[in-house]
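Engineer: Could you build the full structure based on these sequences and the hints that come with them?
Number of protein chains: 2
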Amino acid sequence: MEEIDRRIVTLLAHDGRMSFTDLARETGLSVSAVHQRVRRLEKRGVVRGYAAIIDHDAIGLPLTAFVSIKPIDPAAPDDAPVRLAHLSAIEACHSVAGDESYILKVRVASPVALEDLLQQIRASANVSTRTTVVLSTPYEHRALVAAPETTPGEAGQDASA
Amino acid sequence: MEEIDRRIVTLLAHDGRMSFTDLARETGLSVSAVHQRVRRLEKRGVVRGYAAIIDHDAIGLPLTAFVSIKPIDPAAPDDAPVRLAHLSAIEACHSVAGDESYILKVRVASPVALEDLLQQIRASANVSTRTTVVLSTPYEHRALVAAPETTPGEAGQDASA
DNA sequence: GATGAAATCACTTCTAT
DNA sequence: ATAGAAGTGATTTCATC
Numbered sequence: 001m002e003e004i005d006r007r008i009v010t011l012l013a014h015d016g017r018m019s020f021t022d023l024a025r026e027t028g029l030s031v032s033a034v035h036q037r038v039r040r041l042e043k044r045g046v047v048r049g050y051a052a053i054i055d056h057d058a059i060g061l062p063l064t065a066f067v068s069i070k071p072i073d074p075a076a077p078d079d080a081p082v083r084l085a086h087l088s089a090i091e092a093c094h095s096v097a098g099d100e101s102y103i104l105k106v107r108v109a110s111p112v113a114l115e116d117l118l119q120q121i122r123a124s125a126n127v128s129t130r131t132t133v134v135l136s137t138p139y140e141h142r143a144l145v146a147a148p149e150t151t152p153g154e155a156g157q158d159a160s161a
Numbered sequence: 001m002e003e004i005d006r007r008i009v010t011l012l013a014h015d016g017r018m019s020f021t022d023l024a025r026e027t028g029l030s031v032s033a034v035h036q037r038v039r040r041l042e043k044r045g046v047v048r049g050y051a052a053i054i055d056h057d058a059i060g061l062p063l064t065a066f067v068s069i070k071p072i073d074p075a076a077p078d079d080a081p082v083r084l085a086h087l088s089a090i091e092a093c094h095s096v097a098g099d100e101s102y103i104l105k106v107r108v109a110s111p112v113a114l115e116d117l118l119q120q121i122r123a124s125a126n127v128s129t130r131t132t133v134v135l136s137t138p139y140e141h142r143a144l145v146a147a148p149e150t151t152p153g154e155a156g157q158d159a160s161a
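The listed protein sequences correspond, in order, to chains A and B. 1 is the number of the first residue of the first sequence in this note's numbering; add one for each residue after it. 1 is the number of the first residue of the second sequence in this note's numbering; add one for each residue after it.
Don't read these hints as lab results, they were simulated from the structure. A portion of the hints provided could be inaccurate.
As the list makes no split between identical chains, a pair holds if one copy fits it or if it spans any two.
In silico SDA-like pairs for lysine to any residue, Cα to Cα no more than 25 Å straight-line [stated by the list, open to error]:
{"#": "1", "residue 1": "K43", "residue 2": "A58"}
{"#": "2", "residue 1": "K43", "residue 2": "D22"}
{"#": "3", "residue 1": "K70", "residue 2": "N126"}
{"#": "4", "residue 1": "K43", "residue 2": "Y139"}
{"#": "5", "residue 1": "K70", "residue 2": "G98"}
{"#": "6", "residue 1": "K70", "residue 2": "R142"}
{"#": "7", "residue 1": "K70", "residue 2": "P138"}
{"#": "8", "residue 1": "K43", "residue 2": "T137"}
{"#": "9", "residue 1": "K70", "residue 2": "E100"}
{"#": "10", "residue 1": "K70", "residue 2": "S95"}
{"#": "11", "residue 1": "K43", "residue 2": "P62"}
{"#": "12", "residue 1": "K70", "residue 2": "S88"}
{"#": "13", "residue 1": "K43", "residue 2": "R7"}
{"#": "14", "residue 1": "K43", "residue 2": "M18"}
{"#": "15", "residue 1": "K43", "residue 2": "D55"}
{"#": "16", "residue 1": "K43", "residue 2": "N126"}
{"#": "17", "residue 1": "K70", "residue 2": "R122"}
Structural biologist: Pasting the structure below:
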């Protein structure tokens, strides 16, 4: 990907509702040029969608937790993500290396709701769970700066670059 | 929060660029009424912002990991989030209950970049790290349905409700 | 709070370079 | 791939209920 596209992606990651007019101003292109680039980025799947960032306390889901799961029967087919998809409290599901097979990020209304959710997770996917409760979140959803390309020697994750 | 506001929040969580015209159609309100409600939700902090959802593979950050950190000196003041804020590879920082003090979600370009990042985390915050590498992500950023209010007996995290 | 109208501005398409 | 112009449609403000 190229310089201007990376700039567009970064701008939209920070403000998903930024207008094409503003994107044009920020990139030095015309409105129709950025418009075409954004549409192409969407079509290519670089921009996968747009979302409002919600305060979960305000919508009645103040409790966040990470739930690591491990199959009870290691020989059984591993379709946990599909079996858990109906549980809307699960915000994300990552397959991970290590002792456990998946890490789920969940949001619930209360400790009791978490207890109930864990039972549903165990029953739905035939797994054991290990839960880490989030106490507070200093930051989240920080928009990442796109790496120019993997440059040898430069790791590319320091903001001081 | 009330029924129509919850509906607006849910719609914007799924599509952060939805127009006021469409929001009005979906809620049965007039355009100016939803407009006023959205502005109020933004002002109250229920809607904290808007973001494009980016394919990290496409922008050169294909490696995701969870990094749990623990202070080397438990007596030292715990300001890890501030000390780590300059590392732009860190997408989120959660304070957690359990053996470790924080869980970081990080995105990097390569294993070498992760190694480099871990060294910077340890040096910046005087912590030990435990890293869980993400192999794949079945789903992420699933928009959550707002709970009506904490209803006794109803846990409120099942989509079948 | 909600509405409808009016003005402004952005989005989108088309043509041309 | 970019730019500019033109038509359409959305955003925003305002008067009114």
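Engineer: Any hints from earlier that this structure breaks? Give me their numbers in increasing order, please.
Structural biologist: 16
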